[in-house]
Amino acid sequence: MSTTEMTVPSVGQQAEPQSFGPITRTDIVRYAGASGDFNPLHHDDGVAQAAGFPSVFSIGMLQAGFLATFATNWLGTETMRRFQVRFREMVWPGDLCTCKGEVTAVEPDEKGHRVTVTLTCTRQTGDVVLKGEADFLLA
Amino acid sequence: MYPWSAEPGKVREFALAVKAQPSAHEGAEAVIPPTFLTTARLVWEPREQDVMRELHFDMARVLHGEEEYTFFGPPPKVGETLDVETRVEKQFEKPGGRGGTMRFAVVVNEFRDAAGAVVAQQRTTVIETEGA
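So the protein sequences, as listed, match chains A and B.
Under this note's numbering, the first residue of the first sequence is numbered 427, with each subsequent residue one higher.
Under this note's numbering, the first residue of the second sequence is numbered 73, with each subsequent residue one higher.
Hints are not guaranteed to be accurate.
Said to hold, decoys possible - Each computed DSS-like pair below joins lysine-lysine, with the alpha-carbon atoms no more than 30 Å apart:
1. Lys-557/A to Lys-82/B
2. Lys-526/A to Lys-557/A
3. Lys-149/B to Lys-82/B
4. Lys-557/A to Lys-537/A
5. Lys-537/A to Lys-166/B
6. Lys-149/B to Lys-537/A
7. Lys-91/B to Lys-526/A
8. Lys-91/B to Lys-557/A
9. Lys-537/A to Lys-526/A
10. Lys-149/B to Lys-557/A
11. Lys-149/B to Lys-91/B
12. Lys-149/B to Lys-526/A
13. Lys-166/B to Lys-557/A
14. Lys-162/B to Lys-557/A
None of these hints come from the bench; they were simulated from the model.
Quick caveat, the model's predicted, so the values are computed rather than measured.
Working from the sequences, and respecting the hints, build out all of it.
Quick look at the structure:
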């Protein structure tokens, strides 16, 4: 999707929520391989249990990647100028992650409009696992 | 400084892993999925350039606190190679909940094009939780 096809949204506008999952161990391993993050806490139950966890858990950057996919599906990829996330809770195999976003600011910019959105990723329990923000430059 | 490359096959693999449309990240004008920058540290960084080691954190107690990607134009194109330079931007401490100290560090990766211009930044906040 190019910059010119994207209409500038207004403050308060929300994206259609998008769910990812339920997260499988295969999803986690696929992301481990794709990103190069081979921390065994994310794919070896023995290591995770020895460290005091009930099982392996997802890589934070996997759900951050889902949130980025959600955000770029909404307002474009080449238009993105900033993407920020804070990691708040862990994600476990079987969890369903739901991403939501809302426009919080639209500022005129010399090249168009700088659109700021807040982003959240929640588990099926309602716990917020990620809180984030992104900026886009739209015409 | 070290090179990082957005190889098309690795980009496709990453796009599939984060459930992005792979077709959105293919072709001459396509850009990377934004968090693909994370592969610089995980796949390309030479061990001797790992500034995390300078922090002397106990890795068993380290959490990933925050991650931020800034693009000074469209994100890097698929197929592009950029130079990466890493530095510790700041370090600070906060009291933990059990009377100990939590240590924070912000590590920045700067991605430069052939002309030396910074086109993207990755800012990672790591936290060493208080000891037992």
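Status of the hints after comparison with the structure:
Between Lys-557/A and Lys-82/B the CA atoms are separated by roughly 27 Å; this keeps the pair inside 30 Å, and the hint holds. The hinted pair formed by Lys-526/A and Lys-557/A meets the criterion: a straight-line CA distance of about 10 Å does not exceed 30 Å. For the hint linking Lys-149/B to Lys-82/B, the alpha-carbon distance of about 13 Å falls within 30 Å, and the restraint holds. Proposed proximity of Lys-557/A and Lys-537/A is supported: the alpha carbons are some 28 Å apart, at most 30 Å.
Under the criterion of a C-alpha separation no larger than 30 Å, the hint pairing Lys-537/A with Lys-166/B is inconsistent with the structure, at around 40 Å. Between Lys-149/B and Lys-537/A the alpha-carbon distance is near 20 Å, which keeps this suggested pair within the 30 Å criterion. About 16 Å separates the Cα atoms of Lys-91/B and Lys-526/A, which keeps this hinted pair within 30 Å; it holds. For the hint linking Lys-91/B to Lys-557/A, the alpha-carbon distance of about 19 Å falls within 30 Å, and the restraint holds.
Among the hinted pairs, Lys-537/A with Lys-526/A is consistent with the structure: their alpha-carbon atoms are about 27 Å apart, no more than 30 Å. Of the supplied pair hints, the one linking Lys-149/B and Lys-557/A holds, its CA atoms being roughly 27 Å apart against a limit of 30 Å. With a C-alpha separation of about 19 Å, the suggested pairing of Lys-149/B with Lys-91/B holds against the 30 Å cut-off. Taking the CA atoms of Lys-149/B and Lys-526/A, the gap is near 27 Å; set against the 30 Å cutoff, the hint holds.
The hinted pair formed by Lys-166/B and Lys-557/A meets the criterion: a straight-line CA distance of about 21 Å does not exceed 30 Å. Pair hint Lys-162/B plus Lys-557/A holds up; C-alpha atoms about 22 Å apart against a cutoff of 30 Å.
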